[in-house]
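Kindly generate the complete structure, drawing on both the sequences and the hints.
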Amino acid sequence: QGGAAAMGHRNAEKASLLYRFLDESSFYQTRVAANARSFMNVPFYLPDDRLYEPFLRGAQDRGLLGLKGHKAVGGLRASLYNAMPIEGVRALLAWMPIPLQALEPCIPSRGVRRRQKKPWFSRIELPPPTHSTASMAIA
Numbered sequence: 017q018g019g020a021a022a023m024g025h026r027n028a029e030k031a032s033l034l035y036r037f038l039d040e041s042s043f044y045q046t047r048v049a050a051n052a053r054s055f056m057n058v059p060f061y062l063p064d065d066r067l068y069e070p071f072l073r074g075a076q077d078r079g080l081l082g083l084k085g086h087k088a089v090g091g092l093r094a095s096l097y098n099a100m101p102i103e104g105v106r107a108l109l110a111w112m113p114i115p116l117q118a119l120e121p122c123i124p125s126r127g128v129r130r131r132q133k134k135p136w137f138s139r140i141e142l143p144p145p146t147h148s149t150a151s152m153a154i155a
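My numbering puts the first residue of the sequence shown at 17, with every later residue one more than the last.
Hints were generated in silico from the structure; no laboratory data involved. Treat the hints loosely; a few may be bogus.
For each label pair, taking beta carbons as the anchor points, the in silico distance ranges come out as [stated by the list, open to error]:
id	residue 1	residue 2	range
1	Gly18	Asp65	37 to 45 Å
2	Ala22	Ala50	21 to 29 Å
3	Arg66	Glu29	27 to 35 Å
4	Gly79	Leu116	17 to 25 Å
5	Gly19	Ser42	36 to 44 Å
6	Arg73	Ser95	16 to 24 Å
7	Ser41	Leu81	16 to 24 Å
8	Ala88	Gly19	32 to 40 Å
9	Tyr97	Asp77	21 to 29 Å
10	Ser42	Gly74	18 to 26 Å
11	Lys84	Ala49	18 to 26 Å
12	Arg66	Ala22	39 to 47 Å
13	Ala20	Leu116	31 to 39 Å
Positions of the beta carbon are idealized from the N, C-alpha and C atoms, including for glycine.
Have a look at this one:
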């Protein structure tokens with residue numbers, strides 16, 4: 017099917033379609049800088065935590081599976097591995113405007129307060145230091 021170069025081109029095209037939609041959306045958001053984006057996993061977020069369950073349920077009803085984000089960072093994640101055809105990305109893009117229209121009254125600017133998630137590393141509890149850094153010697 018064209019070898020590794022063709023596969024790379026297809027993967028870039030799939031990711032580009034999804035990132036373009038996310039970048040233009042005022043409802044969905046991606047928190048990954050443009051220069052650090054993956055072609056394989058595209059994380060994205062909804063404006064309110066209460067919207068994830070209905071979004072995932074509706075997606076599953078349409079055969080869109082595996083969209084739940086990683087437990088450490090939350091949100092949603094579209095996995096665009098080599099076996100995922102571009103039609104799968106198009107099916108996701110066809111579904112994404114539907115929750116936007118149905119849940120528009122819940123968008124934060126219309127009165128729902130959005131809870132900010134802390135990054136995963138902020139939830140790590142470190143033990144208190146046992147000594148002052150000022151007294152540490154570098155060996």
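Against the structure, the hints come out as follows:
The supplied range of 37 to 45 Å is met by glycine 18 and aspartate 65, whose beta-carbon atoms lie about 42 Å from each other. A hinted range of 21 to 29 Å holds for the C-beta pair alanine 22 and alanine 50, which are about 24 Å apart. Checking the proposed 27 to 35 Å range against arginine 66 and glutamate 29 shows it holds: the Cβ atoms sit about 33 Å from each other. Between glycine 79 and leucine 116, the C-beta spacing of about 19 Å keeps the proposed range 17 to 25 Å intact.
As the Cβ distance of glycine 19 to serine 42 is approximately 39 Å, the hint placing it in 36 to 44 Å holds. A hinted range of 16 to 24 Å holds for the C-beta pair arginine 73 and serine 95, which are about 19 Å apart. The hinted range of 16 to 24 Å is satisfied by serine 41 and leucine 81, whose Cβ atoms lie roughly 22 Å apart. At about 35 Å, the beta-carbon gap between alanine 88 and glycine 19 stays in the expected band of 32 to 40 Å.
The hinted range of 21 to 29 Å is satisfied by tyrosine 97 and aspartate 77, whose Cβ atoms lie roughly 23 Å apart. Look at serine 42 against glycine 74: about 20 Å separates their beta carbons, and that is inside 18 to 26 Å. Distance hint check: the CB atoms of lysine 84 and alanine 49 are about 23 Å apart, consistent with the given range 18 to 26 Å. In this structure the hint that arginine 66 and alanine 22 lie 39 to 47 Å apart at CB holds, the actual value being about 42 Å.
Between alanine 20 and leucine 116 the CB atoms are about 36 Å apart, so this pair conforms to the stated range of 31 to 39 Å.
Of the numbered hints stated above, none is contradicted by the structure.
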